[in-house]
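Asks: What follows is each chain in one-letter form.
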Amino acid sequence: MTSKGQRRYAAQGIALGCRADGRAGKDYRPLQLELAVVPQANGSARCLIGASEVLVAVKVEVNVPEEDFPDQGVVHFSVECSPCASAAFQGRGALDLGADMAGNLRRSVLGGSASMGGSLDLKALCIISGSRCWHVHVDGLVINADGSLLDALSIATRAALTDLQIPRVDISPSDDPEDEPEIELDDDPEHAASLDASRIPVVVTLAEAEGRPAVDLTADEEASCPGPRVHVAVNGRGCICGLHKQGNAPLQLEALQEMLALAQQLGPRLCKAVNAQCTAQLHGRRQHA
Amino acid sequence: MELLSPEGLRQDGRRPRELRNLQSAVDTLGNADGSATFELGNTKVMAAVFGPRAAQGKSSGGRRDADIRCEFAIAAFSQSERKQLSKRDRRILEVRSMLKEALKANVLAELMPGTTIDVYVQVLAADGSIGAASLNAAFLAVADAGIPVKDLMAACVVGLVQDTPILDLNQMEEQMSRGPSLMMAMHVGLKKIVVFQADGRMPVEGVETLAELAEGGCQAVGKAMRSVLLDNTRKLALARGPVRL
Numbered sequence: 001m002t003s004k005g006q007r008r009y010a011a012q013g014i015a016l017g018c019r020a021d022g023r024a025g026k027d028y029r030p031l032q033l034e035l036a037v038v039p040q041a042n043g044s045a046r047c048l049i050g051a052s053e054v055l056v057a058v059k060v061e062v063n064v065p066e067e068d069f070p071d072q073g074v075v076h077f078s079v080e081c082s083p084c085a086s087a088a089f090q091g092r093g094a095l096d097l098g099a100d101m102a103g104n105l106r107r108s109v110l111g112g113s114a115s116m117g118g119s120l121d122l123k124a125l126c127i128i129s130g131s132r133c134w135h136v137h138v139d140g141l142v143i144n145a146d147g148s149l150l151d152a153l154s155i156a157t158r159a160a161l162t163d164l165q166i167p168r169v170d171i172s173p174s175d176d177p178e179d180e181p182e183i184e185l186d187d188d189p190e191h192a193a194s195l196d197a198s199r200i201p202v203v204v205t206l207a208e209a210e211g212r213p214a215v216d217l218t219a220d221e222e223a224s225c226p227g228p229r230v231h232v233a234v235n236g237r238g239c240i241c242g243l244h245k246q247g248n249a250p251l252q253l254e255a256l257q258e259m260l261a262l263a264q265q266l267g268p269r270l271c272k273a274v275n276a277q278c279t280a281q282l283h284g285r286r287q288h289a
Numbered sequence: 001m002e003l004l005s006p007e008g009l010r011q012d013g014r015r016p017r018e019l020r021n022l023q024s025a026v027d028t029l030g031n032a033d034g035s036a037t038f039e040l041g042n043t044k045v046m047a048a049v050f051g052p053r054a055a056q057g058k059s060s061g062g063r064r065d066a067d068i069r070c071e072f073a074i075a076a077f078s079q080s081e082r083k084q085l086s087k088r089d090r091r092i093l094e095v096r097s098m099l100k101e102a103l104k105a106n107v108l109a110e111l112m113p114g115t116t117i118d119v120y121v122q123v124l125a126a127d128g129s130i131g132a133a134s135l136n137a138a139f140l141a142v143a144d145a146g147i148p149v150k151d152l153m154a155a156c157v158v159g160l161v162q163d164t165p166i167l168d169l170n171q172m173e174e175q176m177s178r179g180p181s182l183m184m185a186m187h188v189g190l191k192k193i194v195v196f197q198a199d200g201r202m203p204v205e206g207v208e209t210l211a212e213l214a215e216g217g218c219q220a221v222g223k224a225m226r227s228v229l230l231d232n233t234r235k236l237a238l239a240r241g242p243v244r245l
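Taken in sequence, the protein lines are chains A and B.
To convert, note that position 224 of the first sequence is 224 in full-length UniProt numbering; the numbers rise steadily by one, no gaps.
To convert, note that position 203 of the second sequence is 203 in full-length UniProt numbering; the numbers rise steadily by one, no gaps.
These are computed hints drawn from the structure, not numbers from a lab.
Hints are not guaranteed to be accurate.
Unchecked claim - FRET-style restraints, in silico, Cβ to Cβ: (1) B/Gln197 with A/Arg168: 53 to 59 Å; (2) A/Leu282 with B/Glu2: 34 to 40 Å; (3) B/Ala54 with A/Arg269: 40 to 46 Å; (4) A/Gln287 with B/Val207: 30 to 36 Å; (5) A/Asn248 with B/Ala54: 29 to 35 Å.
Each residue gets a CB set at the ideal place from its N, CA and C atoms; glycine is no exception.
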């Protein structure tokens, strides 16, 4: 969709609350979640918002903690945009977009650089203070791009971390007290521990069309609304955990406040929907086992 | 560890000449002109085709056939150890050039002069036989895009473990086996071999046994792929309604 008239039609549709697919400005497309989709990962989830599809897989490994935080684990984020997802992602086209979204996810889950006030209990990832801890790799992959990619990635991240099973470690002190103690991994899924993912926020991306805030823009609508884009990380209780304005279009303070109010209203609803789907699937799996 | 038990069963319980659970689907992605996923046990690959579209760049402008371009990627989380392979990694480049050569041998490129066909293959879960699964996914995506081809092309991997030929190696068998392995792709109707990549030393007589087993494997995979494509065509034909001439 490129013509000026079509773009104006889409923008006005959003502003008037009657979009091409019949949604109002603050409606999300149908959300689908599927857990444990990558057997090689410790936790994974696939999230579909309309035609947008992303996959997030979490893998853990035993490694050394960061010097400044000896009693904390480390969480890494990366996002890859597969060229399968969109014709615009071929070659090196999507490297910046992937890095941007990974940074956004990182900030929304971990908070500041020192990960103070983050939504994950990093101390739970410590194995031996100062020498061994879990490194958690959160890898996102965009499979089909049709707008709201960061929203989908954050939802899949929350679900994948809910699905995450960290193997139990057995620490046996070695004979020589100078040596490092030996660490053995217990492969039994019965003994695996999960991480508390209930405080992880989801990202609500808001756009402005003719002065009205709107969420969940499709790729066509994104092309029609060149205005500012605001990513708001909201947790299940409606608290704002992060805020990031994307693009260089200016934004009025009143508009931002209106957007924040909408995000605060939608965030808990999204979290609830994610929780409901996760619990149903985890429960189903337990019964199956 | 023995890869074959005294009873002749493999670690995952399969008989030597048994394929893993095979699942494939076409038209799985919204943005691509053709797309497919191909699953073989715990190996899962997706492929997307963009094109044929007007050639981009100067070099391909005056060509008398279609320019087929390939990209191949393995997701960092897809293997048992997390590993991010760069696009310039030897293993990536090897598979990429194999895919490109095999598709060139299959697509009737001379019918589409001055165009470019982009084929992107992404491994989502890796448990052995990645090259063969990627080629199968790529072929299904090409067929889904409606690009004319010579014949249905299917691929599989065979290997020799403790002097027994086995079909469809998984990750553990690929890593632990000290015997030779062979990846073969063929035109299943024309019975012509397109790709024949053998690794490891093997006796001359062994080549024939392995090739025969691989042919059987390709035929079985091809049959499954054919039924998926036919089902999809039926679905499209129903959606289109009766044809009036």
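Asks: Compare the structure with each hint and give your call.
Replies: Structure-based check of each hint:
Taking the beta carbon of each, B/Gln197 and A/Arg168 are about 42 Å apart, not inside 53 to 59 Å as hinted. Evaluation of the 34 to 40 Å hint for A/Leu282 and B/Glu2 yields a pass: the beta carbon distance comes to about 37 Å. With their beta carbons about 45 Å apart, B/Ala54 and A/Arg269 fall inside the hinted range of 40 to 46 Å. Evaluation of the 30 to 36 Å hint for A/Gln287 and B/Val207 yields a failure: the beta carbon distance comes to about 50 Å.
Taking 29 to 35 Å as the suggested C-beta distance range, the pair A/Asn248 and B/Ala54 conforms, at roughly 33 Å.
This entry does not satisfy hints 1 and 4, going by the numbered hints stated previously.
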